[in-house]
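**Student:** Chains as they are written, first to last, in the working numbering: chain W, 1 to 225; chain Y, 1 to 304.
Keep in mind that the hints were calculated from the coordinates and are not lab data.
Predicted model only: the values in this text are computed from it and were never measured.
Straight line, CA to CA, 30 Å or less: simulated BS3-like cross-link-like pairs of lysine-lysine: (1) Y/K164 <-> W/K87; (2) Y/K149 <-> Y/K164; (3) Y/K165 <-> W/K87.
Selected chain W positions facing chain Y (in silico; Cβ < 7 Å): (4) D99; (5) Y121; (6) S130; (7) R137.
No residue lacks a Cβ here, since even glycine has one placed at the ideal position from N, Cα and C.
Each chain is listed here by its residues.
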Amino acid sequence: MRRLIPLAITFVVGTVLIVSVFTPPLENIERTFTLFFDIIAVFAFFLGGGNLLRVHISKLRRRKQDWGFSVVTIVGFLGMLMIGLFKLGGSGNIAAPVDETGSLFYIIFDAVLVPLQSTMYSLLAFFVASASYRAFRAKNREATLLLIAAFVILLGRTPFGTMVSGWIPEWLSIAQIPNLAIWIMNSPNLAGQRAILIGIGLGVISMSLRLILGIERSYLGDDNA
Amino acid sequence: MPDLGIVLSLLVIGVGLLWLLIRSLRGQEVERRVIFVFILVAVAAPILFPVTFQEHATPVVKRLFDFIDSLPAGSVVLVSLDYDPAMAPEVQPMTNAMSRHCLTKGHKIVFMGLWATGQSILMSTLQDIILPDFPNIVEGKDFVNVGYKAGNEGVLNVIVTDFKKMFPTDVNGTPLDSTPIMADIRSCRDFDLILSIGGGRPGAKEWVLFVGDPGNVPIGVGVAAVTAPQMYPYYPQQLVGILGGVKGAAEYESELAHRYPRFAHTDQPGLRMMGPQTLAHVVIMAFIVIGNLAFFRGKKVRRT
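Next comes chain W alone, as it looks inside the complex:
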């Protein structure tokens, strides 16, 4: 029974939603189910928040390695939650958006989250440079092709590409670096991306059918399924 009910729900909901796509009078069902999904998803926020606290409080209690970071996480999470819930430091209007200009939430977002996230993302440039020196080698034919394509795209994404290939005559304009970069994006990249997309699409259809028909049961926690 514990397995039968979820399987039955999956089968009925999956089938109804597929039928509703092809049956215009049933279009509303799809929208209603989507709204149900959004309402259910709200509970995931509670679960997520609760789980975050549980994991970090347990780490703190047992004084596990790097427990100091858990303190930062808990204080940050609860602090922002309180500031957001009570709309501290804003205009005092309870109907105002949580991040209205001048509110404490907005100030922390602007002064802490923005520079922190931007810094983390910026570090990528350093690692890309290090990796390009150590790993980007023309070891075989495929790697060489990839290397040449990367080189053209890197050059093509800067005005430097136009500078170094600007002398190429108009009748051979395809050989100009920026045009070559556009060609790589529009032809080989496009073909590869489309192939991947079609593959993913077919995979999604097959997995959905397996779920609806109850063949795939791993989402129930059944490892032997």
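Could you slot chain Y onto chain W? The hints should help.
**Tutor:** Frame of chain W, contents of chain Y only:
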């Protein structure tokens, strides 16, 4: 003075790269920290001593620019900010430039976000960019901010047929039915254009799959450089145009300044960032060349 600064920086980088090449050819390892210093100089120098390059809109950017330009005044454009602060340096210039373009043309803008952080970014965009540039625009009439709604694709699935079901009010709690801008908007199908700016999920791809295609609505996207290649399968059928990374933003800013000279003297972060991006790309390419020369040299030495 800026010229001297950048020339000196280029000289330092050039000599340093030559030194690295010699070391590598001798089979000596280059420490990771040395590479980091090169990137630091390559990125910092054009920021401290600004270098600007001339940009020209490529067809994928120009098509979107021309589409916005050709819409009649009073058209309603939906702008979705689907990104976080990490991605903002790359895509925020697109939001600024496209919003400026739309408002200059007299279009009305509905702002929203599929990412929670999008709403906060929008608040600062309105405060720092849009309202100072267009002091006469009126909230509710010329633009409205409906904010963020959780649910990812679920949100799109609903607003494609009923916008106000998911967004009954704007962020201030004003019912959308009472705002003039939303008077003729029932669903996403009623927008003249949708602009999705971001680079993650949910983002541009989801807008195409759940709104653009089923609702037959023109969509234009501004995405981070790493996401741009994934957008090409949808161009030109499902997407009006693509702005990819800082270069896409710079091309759009350049076209905007060219067609509307009043923007030639406003802040153009996309064009400004092309300096650091260009120099960083050149240094990365130099590292690839040096790494490969050292690799082949090592191979030859091992053979003999």
